[in-house]
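Chemist: When we follow UniProt numbering, the leftmost residue of the sequence shown carries the number 1, and every step to the right adds one.
These aren't lab readings, by the way, just hints derived from the structure by calculation.
Among these hints, one or two may not hold up.
Using C-beta positions, here's what the derived DEER-type ranges look like [claimed, not checked]:
no., residue 1, residue 2, range
1, N247, G65, 18 to 28 Å
2, K67, N236, 22 to 32 Å
3, D86, Q122, 40 to 50 Å
The beta carbon of each residue, even a glycine, is placed where N, CA and C say it ideally should be.
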Amino acid sequence: MSRRIELRNVNVTRYITPLREGGSLPAVADADDGFKYVIKFKGAGHGVKALIAELIGGEIARVLGFKVPELVYAHLDEAFGRTEADEEIQDLLKGSQGLNLGLHFLTGAINFDPVVTTVDAQLASEIVWLDAFITNIDRTFRNTNMLIWNKEVWLIDHGAALYFHHSWIHWEKSAKTAFPFIKDHVLLPQASLLAEADHKLKQLLSPEVLQEIVNLIPTEWLTWEGTPETPEEIRNVYYKFLTTRLNHSHLFLKEAQHAREALI
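Just need the whole structure built from these sequences, with the hints factored in.
Modeler: So, in structure tokens, the structure goes:
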């Protein structure tokens, strides 16, 4: 019997430092469980949609067997950040009161460098397949969004995935796209086993598993301005997008294979 997919709840107790590499200004912070987390704030650029993509992308990656830092629901008290001197950060914290998302901080991890580290064909193919499936445009040579920790590859930062939700129309059409952005994937040159990856990974993502992951989206993140759908209806669109995309994986598989052939 598979384990139930759940996220723990933590309270953010201390803001340590911003991570200015990304546009959304995440930060390293302490929580009341004694651990450090990289906090993704709902008050940042793409708001709760970036957190939803991070949550869904990260937990799908975990189910598929990839190394992903633990994700937690990170609560921000309304008094938090009042003493922060930086006005931009103070505004960000004020706009992020309530529920945010935290990724366990991997102390001592280093950024993945494709020049230094070669990933084997199977792992490369499976990561490329994952990113084509969740339409993650952000695992490129410029921004690999992978870490090396304990000599293993860890996947981070899935907030740019599921970009269909920024327009929120014609999701059915978006679900069946071939995802041409895969041509820029940092691991595409090593991904010589894409068909094998497709066969293996599809079997791990049952409708029940995808439903369980989508159900993790907090209702607080699903009350969207200008959207008539209820939180439950929005959750259902995410579920249908993922199941439709999985059923049409041949489209993005062929695109990745063709892009790799053109590359090598």
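Chemist: Which earlier hints can't be squared with this structure?
Modeler: none
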